[in-house]
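A.B. asks: Below, each chain spelled out in residue letters.
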Amino acid sequence: MRRFELVLPRSIDDCLKILAERAGQAKVVAGGTDLLPQMKNGLLKPPCVVDLSGVGALRALERANGHGLRIGASVTARALELDPHVRSTFPALAESGALVGSVQVRNLATVGGNLCNAAPSADMAPPLLALDAEAVIAGVKGSRRVPLASFFVGVRRTVLAPEEMLVELSVPALGPHSGGQYLRHTPRRELDIAVVGVASQLTLTDGVCGKARIALASVAPTPVRALAAEQALIGQPITPALIERAAELAVDAARPISDQRGSVDYRRHLVRVLTRRTLTTALERARHGTRGE
Amino acid sequence: MAKQILRASVNDEPIEVLVQPYETLLDALRERLGLTGPKEGCGTGDCGACTVHLDGQPVASCLVLAMQARDRSVRTIEGLAAGTLHPLQDAFVRHGVPQCGFCIPGVLMAAAALLDSNARPSEEEIRYGIAGNLCRCTGYTKMITAITEAAASMQEGARR
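Protein chains in written order, with this note's numbering: chain L, 1 to 293; chain H, 1 to 160.
These are computed hints drawn from the structure, not numbers from a lab. On a predicted model such as this, the values are computed, not experimentally measured, just so you know. Mixed in with the good hints, there may be bad ones.
Distance windows between CB atoms, simulated [said to hold, decoys possible]: (1) ILE5/H x GLY24/L: 26 to 32 angstroms; (2) VAL155/L x GLU123/H: 35 to 41 angstroms; (3) ALA57/L x THR84/H: 39 to 45 angstroms.
Note that the Cβ used here is the ideal one computed from N, Cα and C, for glycine as well.
All chains, please: the whole structure from these sequences, using the hints.
C.D. replies: Next comes the structure, spelled out in structure tokens:
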């Protein structure tokens, strides 16, 4: 690895001071599972690295007012995978955490790192998009909240300015009768990268679809929502035929490329299949659980 | 670039050692502390040969900066069992699991972490528990047999 200076702050304020002083020359490291490989292969050569492992405030994972969720940026994939409240109320998020890397990687990899690395295939992005999460971003001049849907601006690019850092993901409370699921397709379950990932989240109101969210990974430069597919569901009783129609519409939201993991046609096919499957499970979970009580 | 002082607990001993800011935990363990059990296979977290426990949880030590282990507890294969063989090591020996042996310290640390959280894992749970560890000799079948047997013998030991 290229040499760098390592700074070990203990608070968010200290992090922000360093980021402001180093004006674009510093890189924040949380779990390191994306950053270190990129530094080892020379893709990134930051002169200064700011380690977040001493900032305990970033590891908080707790119920917010009204039983939404506050997820500190340094919460690990493993913590999301195992947390009882996340598993029962936000299962799509727990499922995405469980799919990252291997257990050795999940114990390091963080939700903030997964989002800030901004790979089109980021597994934790689709469920958080489907849950209407907001990114809480801190800077020396104060903090701002950005809907996650506006957080990604391109492949490996986010709205974060060099002197800013992601500190928390804020997930609003779900209504009763809400359910979600995240599925991805990979040749191998562990240590693989999504050919396509789909998260669906449904809320039922008086037997019809009150709210629908469908988010896709690995089919565009950034994780994206399938807005037309969501619209087709809202206000309707959800039937297998309607799910099929939404799955068809979700394909139109995908702008995939062909690469070593899959062709355009294969990815479009996977969007249809995984949207259908996740909507079916989301519906079942919405009917049977009273999620977000 | 100035070295930094790493203070941590390694295999239940307090350590204090100077490390480079850009040094990984794996390199510090191997090069500074002489603990060559953890191996560097890929260096990118894909192979699991560098698996150690950090505060009791298995991690890829090639992806951890040495200084990120400050004030934390690290356990390597050398500290898995004090002065004896861990039931997992014993079962690996009896079943002749190691072939070239390079992956074995990492597999044992992953398996030990699995049994810490799940004393009687199913075969599928064992397979997923060591899914982050690659064995290029492809000796997985014997690993699974040995881990199953070690889990049973640890339960038996706990009952006695």
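A.B. asks: Broken hints, numbered, in rising order?
C.D. replies: The structure breaks none of the hints.
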